[in-house]
Amino acid sequence: MFSSLTQPSWRQSLKAFMVTFFTTLSVIREDGVGILVAVGGSHAVPMLLAGRMMRRKTVFIESITRVDKLSNTGRLVYSLHIASCFIVQWPNLKNSFPSSRLGSIL
Amino acid sequence: MPFDELLVEVDRLAGEGFLSQELICQGGQSKYRMIHGEQFIGRPSIADLIDQASLVISHGGATVIQLLIARKPFIAFPNPRGAGDHQTSFLRKIAQVSDISWSSDIADLCSLINDRIAKGPAKIRSDFPRASGIIMSMTDSSRSFS
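Protein chains in written order, with numbering that gives the first Met the number 0: chain A, 0 to 105; chain B, 0 to 145.
In case anyone wonders, no lab produced these hints; they're calculated from the structure. Note that the structure is a prediction, hence the values are computed from the model and not measured. Ideal Cβ placement from N, Cα and C applies to all residues, glycine included. All clues stand as given, with none of them false.
With a cut-off of at most 25 Å between alpha-carbon atoms, the simulated DMTMM-like pairs for lysine to aspartate or glutamate come out as follows:
(1) K56/A with D30/A
(2) K118/B with D104/B
(3) K68/A with D84/B
(4) K56/A with D139/B
(5) K30/B with D104/B
(6) K68/A with D126/B
(7) K93/A with D126/B
(8) K30/B with D107/B
(9) K68/A with D104/B
(10) K68/A with D98/B
(11) K71/B with D47/B
(12) K30/B with D10/B
(13) K93/A with D98/B
(14) K71/B with E37/B
(15) K71/B with D3/B
(16) K93/A with D84/B
(17) K92/B with D67/A
(18) K30/B with E4/B
(19) K93/A with D139/B
(20) K71/B with D104/B
(21) K122/B with D67/A
(22) K118/B with E8/B
(23) K14/A with D30/A
(24) K92/B with D104/B
(25) K71/B with D107/B
Pairwise CB distance ranges (calculated):
(26) I68/B with R74/A: 22 to 30 Å
(27) S19/B with R74/A: 40 to 48 Å
(28) S8/A with I40/B: 19 to 27 Å
(29) I68/B with M52/A: 31 to 39 Å
(30) S95/A with D126/B: 15 to 23 Å
(31) G41/B with F16/A: 21 to 29 Å
(32) E4/B with D67/A: 21 to 29 Å
Where chain B lies over chain A, by a calculated footprint (3+ residues, C-beta under 8 Å):
(33) 29-39
(34) 53-60
(35) 63-69
(36) 95-105
Taking the hints into account, I'd like the entire structure generated from these sequences.
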């Protein structure tokens, strides 16, 4: 039904990670991408990692639904420093994660 | 995430003739089957349905943002099955910057509908910095480096 709602096995997760990573690398190379922007979902990790490795600027925007806690993806991206600009959408979160920036999508 | 309780209440109100207009519901993984409305599991975008609707009853996820941007009157109920119940904290937070209609108690649906119809679409405070502004400033600086 919804593949995103089913819990994938580690094999599927790893495959999705590699596909996203290498697709992003080739898109950056072929289309001359200067800045990568990723939102909420777990695909952000391989995308931003690819962007970082290619020395591009990377932006992560945490979901506006995250008010006082980061998503698991957000925590991973923040602690791995793979986003050159980490945007949260609520002042509370900005205070808890000092190197983030406040920026709303609304 | 199933949200049968909400479907049941909407269907009950529709059965009592309280919702006089056509009723279309995205049920997702919910097991309940509506008697008084059309129901579908899901589709890539519900933007066209939102556009046609006079009132939207929603869970407390990112749809709320879509509805605020569309300036559509809506009522939101947090789905308690959301990861770490983040829908409740999200709606509580949104309610600080906007006059949205929401409640954790589905029994409030009827009174919230009347309330929202009287008020019209919710308005949102807009004095936060824009994410798009931050990204635009990065594109400017990357241009000046190259």
